[in-house]
Every structure is written in structure tokens, then in C-alpha cells.
Amino acid sequence: MRSLAPGNRSAFSCPGRTRVARPLPHRFPCSRRGLITAAAKGPVVVVDNYDSFTYNLCQYLGDLGCEYVVYKNDEKTVDEIKAMNPAGILVSPGPGRPVDSGISLEAVRELGPLFPLFGVCMGHQCIGEAFGGDVVRAPCGVMHGKTSEVYHTNVGILEGLPNPFEACRYHSLVIKRETLPADLEITAWTEDGTIMGVRHKKYPHVQGVQFHPESIITQSGKKIVENFVKSL
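With the numbering used here applied, the sequence shown covers -3 to 228.
The set of hints was computed from the structure by calculation and includes no laboratory data.
Heads up, a few of these hints could be off.
Result set (DSS-like, lysine-lysine): computed pairs, CA atoms no more than 25 angstroms apart in a straight line [said to hold, decoys possible]:
no., residue 1, residue 2
1, K172, K142
2, K172, K37
3, K142, K218
4, K198, K226
5, K197, K142
6, K219, K142
7, K68, K218
8, K172, K72
9, K197, K68
10, K37, K218
11, K197, K219
12, K78, K68
13, K37, K78
14, K198, K172
15, K226, K197
16, K78, K172
17, K197, K172
18, K37, K226
19, K37, K68
20, K198, K37
Build out the structure end to end from the sequences listed, making use of the hints.
In C-alpha cells form, the structure reads like this:
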């Protein structure tokens, strides 16, 4: 597990840069698609699975003008997040298995049908498991900092990306293709068939990717986050 700054501050990490501290929750004014309106939509809620990569994703959200708040996966209940009426939910990467990810699994099950939800790495695995799939050891072994060509269906958060594109992977677990629930469709994959992206059929605003769009190695990674923001 990566170390985070103490107290109510969390570390912002970017490869090759000095780690700095940022107060939580952190908000940016958001002007996209009426996120701050009389309808009282809240900010995007980022569920942080104790992973410093979370703040690279947050930097993209901020760069795109999106208001967000960050909570550790044991800091808020699902009901508390629901009461915030978030514009969307981003479930971050993190160590371990989905069962180790605090409220993340429950958030996907309970809030996914209600709000746009984007899962990255661990968040993606939570989507698979929450709707009935199995998360297992990756047949290709540990993929920490390795790149793969990713093919996709050009839908949702992957719309407009090169096909294939190069993506950076940091994981040792995957959604087992043979157990993919009928409610989910595969939106991205590697040449060997490993699932790299899923989307819910009934709730297409629930989407996940196994790779890391926030990595500077991932081609068009920021475009993926932008597509999520545009969907809010």
C-alpha cells in the first residue's frame, strides 16, 4: 500500500515529480454541462482506495474544469454519498482485491444505477464483481508498469480514441472473461483476450477500465477522463 500524508491531507503523486500535499476535500469550479445548477447536483465524488494514482486522476478532473471531492473508501457511507447527489462517481485504483476496497463494491452496486460511475483498475474490478463476475489472477501474470495494445468498441468513455491504443497496466487481477455477467459488455481488450474495459448494458453510464488512463504512458488517457466528464 502506498503511503499517504497524515491527517486530513493526502499525497498527490505524479511519476518523476516531488510528492506534495493537498487538503481534502479539494474542489474546482465546474462549468461543464451545468454541474453547478439550481438542481443542486453535487460534485464528482472520488472514492480513494488508498492509492496515490488517485490524485493523477483528480488532476485530470481539475484540468477539465470539474468540481470533485475525494473521500477514502472508509471515510463515508454509501448513503452519505447518495445524499450528496453527486454529478458522478469515480472509483479509484488500489491494492488488494475488491473485497478489500471499503465501500467501493457497495457503491458500485447501490449507486451505479443512479449516477454516472467510472471505475479505474480496482474500480473496474469492483464493477465486474459487483454485478456477478469473478476477479481472478491475471493469466499473463503481474502487469506492473507494462504496456499493451488495447482494442475497443469505440463507445462511451472510449469514444474517439485510436484503435488500438497503447495503455499502461498496473495490476495482477482481472475480470475472468468466462464469468462476465450478462449485464456487462466488454468494451476493451488486449490481443490475448484479457478484458480491459466493461460497460453495463442497462446502465451504460457505469463503465470501467483495467488499465491506467492517468499514466503518461497511456495514449489519449486524458481523453478517456474527458469523455467521462462530458457524460455528466
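Evaluated hints:
no.: 1; hint: K172 <-> K142; result: holds, 20 angstroms
no.: 2; hint: K172 <-> K37; result: violated, 36 angstroms
no.: 3; hint: K142 <-> K218; result: holds, 19 angstroms
no.: 4; hint: K198 <-> K226; result: holds, 20 angstroms
no.: 5; hint: K197 <-> K142; result: violated, 30 angstroms
no.: 6; hint: K219 <-> K142; result: holds, 20 angstroms
no.: 7; hint: K68 <-> K218; result: holds, 23 angstroms
no.: 8; hint: K172 <-> K72; result: violated, 30 angstroms
no.: 9; hint: K197 <-> K68; result: violated, 28 angstroms
no.: 10; hint: K37 <-> K218; result: holds, 24 angstroms
no.: 11; hint: K197 <-> K219; result: holds, 22 angstroms
no.: 12; hint: K78 <-> K68; result: holds, 15 angstroms
no.: 13; hint: K37 <-> K78; result: holds, 11 angstroms
no.: 14; hint: K198 <-> K172; result: holds, 21 angstroms
no.: 15; hint: K226 <-> K197; result: holds, 19 angstroms
no.: 16; hint: K78 <-> K172; result: violated, 30 angstroms
no.: 17; hint: K197 <-> K172; result: holds, 18 angstroms
no.: 18; hint: K37 <-> K226; result: holds, 15 angstroms
no.: 19; hint: K37 <-> K68; result: holds, 21 angstroms
no.: 20; hint: K198 <-> K37; result: holds, 23 angstroms
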